[in-house]
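Engineer: Could you use the hints to bring the two separately framed chains together as a complex?
Protein sequences appear in the order of chains H and W.
Once you know that position 26 of the first sequence is 26 in the working numbering, the rest is easy, because the numbers rise by one and skip nothing.
All you need for the working numbering is the position in the second sequence, starting with 1, plus 110.
Keep in mind the hints are simulated off the structure, nothing from the lab.
Among the clues, some could well be false.
[Said to hold, decoys possible] Stretches of chain H that chain W covers, calculated by requiring three or more beta carbons in the stretch to come under 8 Å of a beta carbon on chain W:
no.	segment
1	39-48
2	98-108
[To be verified] Only pairs whose alpha carbons sit at most 35 Å apart, straight line, appear in this in silico DSBU-like list of lysine-lysine:
no.	chain 1	residue 1	chain 2	residue 2
3	W	Lys175	H	Lys3
4	H	Lys3	H	Lys69
5	W	Lys117	H	Lys69
6	W	Lys117	W	Lys175
Don't be surprised by glycine CBs; every beta carbon is placed ideally from N, CA and C.
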Amino acid sequence: DAKTTQPNSMESNEEEPVHLPCNHSTISGTDYIHWYRQLPSQGPEYVIHGLTSNVNNRMASLAIAEDRKSSTLILHRATLRDAAVYYCIPRSGSARQLTFGSGTQLTVLP
Amino acid sequence: SAVISQKPSRDICQRGTSLTIQCQVDSQVTMMFWYRQQPGQSLTLIATANQGSEATYESGFVIDKFPISRPNLTFSTLTVSNMSPEDSSIYLCSALGRGKYGYTFGSGTRLTVV
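Isolated chain W (complex conformation) (with noise of 0.2 Å):
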């Protein structure tokens, strides 16, 4: 399956700045997404990350607040923009590859806003 690469893996950040995490995915991918996993929660889902186009965002996102890249088929970008301490959390990026029924995780970019 296919390897992900996420930095930073972690950051403390000043509130009212924005962050951009990269994913780097070792092979092509037909899809990817963002998620977001706040302390001692389970992870849910940001957007969809979409080539040549605009990201598909989840209720309760937005694309203000979460811009997302995806200029290719192995690499995208989640920028936290304006940040306030609600935003410290672990964001995760995540990969389906061409015939693969197996998701691929990043091991996430932990976030500190202060």
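So here's chain H without its partners, still in its complex pose (with noise of 0.2 Å):
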């Protein structure tokens, strides 16, 4: 699995745009990029997942560098129930399971 890197912390004002940022130089051409969410007390959600283009979705965007070796999500505005840990994971279509990284923990500010 391609290792990822994120901040282990980000801030942002409520309804305000977030990015978030992820390196994943180590990712190979067939890796789907997903992203994840944890909410406090609950199982990781579903948020986006993209191979090369940029992908939107009633949650979010995610926008993919062109050589693939990093990708932001992006919260257009960020509201207090956004505050989770959001993880990025690079997925290869052999692969059955997640591998979860350390994650960026997201503060929203009132």
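Structural biologist: This is the structure in structure tokens:
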């Protein structure tokens, strides 16, 4: 599995955009980049995933660098409910499981 | 996506005893997994629960300590055997459905061993 580097923690003000970076320089060409988040006292939940192109869904946007060695999860307007640990997870098509790194603890300030 | 019910949600157990955690999915899923999350840490995969056959364990986890069953496509159990205080953790069940790209997780079982 590709190793990932994420900031240990980040802060954001409520209703402002948040950019959560992830470095995955050892990613292989066929690995999808998945993002999950874990709210307090909950199991992780799926946020978004992509391969090469930028992706949008109702929760977030995913911007993938052209060389695929990094990606950024974008929350367009942070809410207090978005306070969570965010995990960036490269996953190959042949892998059955998710391998979690240390993630980024996002704090949203009112 | 699939919804997972995991029980118990928490328990306090005496050392030397065993606890069985149940994971029920509301639809048939292709794969089920068990993770451990120690306080303040990330998730570590314990094993993949295989339907109708022995689970596949990750390095550092053994069947005698963490026996797993998966009798059908919607249910699995994890037993934490002969518990010690070092087993105090959150244990989470996860599932991947057919044709789905997203993994679903239960809310976890918070285990305290005294």
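Engineer: Please go over all the hints and tell whether each is borne out by the structure.
Structural biologist: How the hints compare with the structure:
Counting residues of the segment 39-48 of chain H whose CB falls under 8 Å from any CB of chain W gives 6; the rule of at least 3 is met. Closer than 8 Å: that is the beta-carbon criterion, and the segment 98-108 of chain H has 6 residues meeting it against chain W, so the requirement of 3 holds. For the hint linking Lys175(W) to Lys3(H), the alpha-carbon distance of about 29 Å falls within 35 Å, and the restraint holds. A distance of roughly 11 Å separates the Cα atoms of Lys3(H) and Lys69(H); the hinted pair therefore holds under the 35 Å criterion.
Pair hint Lys117(W) plus Lys69(H) does not hold up; C-alpha atoms about 39 Å apart against a cutoff of 35 Å. Straight-line distance between C-alpha atoms of Lys117(W) and Lys175(W) comes to about 19 Å, which keeps the hinted pair within the 35 Å bound.
In this structure, the one hint that does not hold is number 5.
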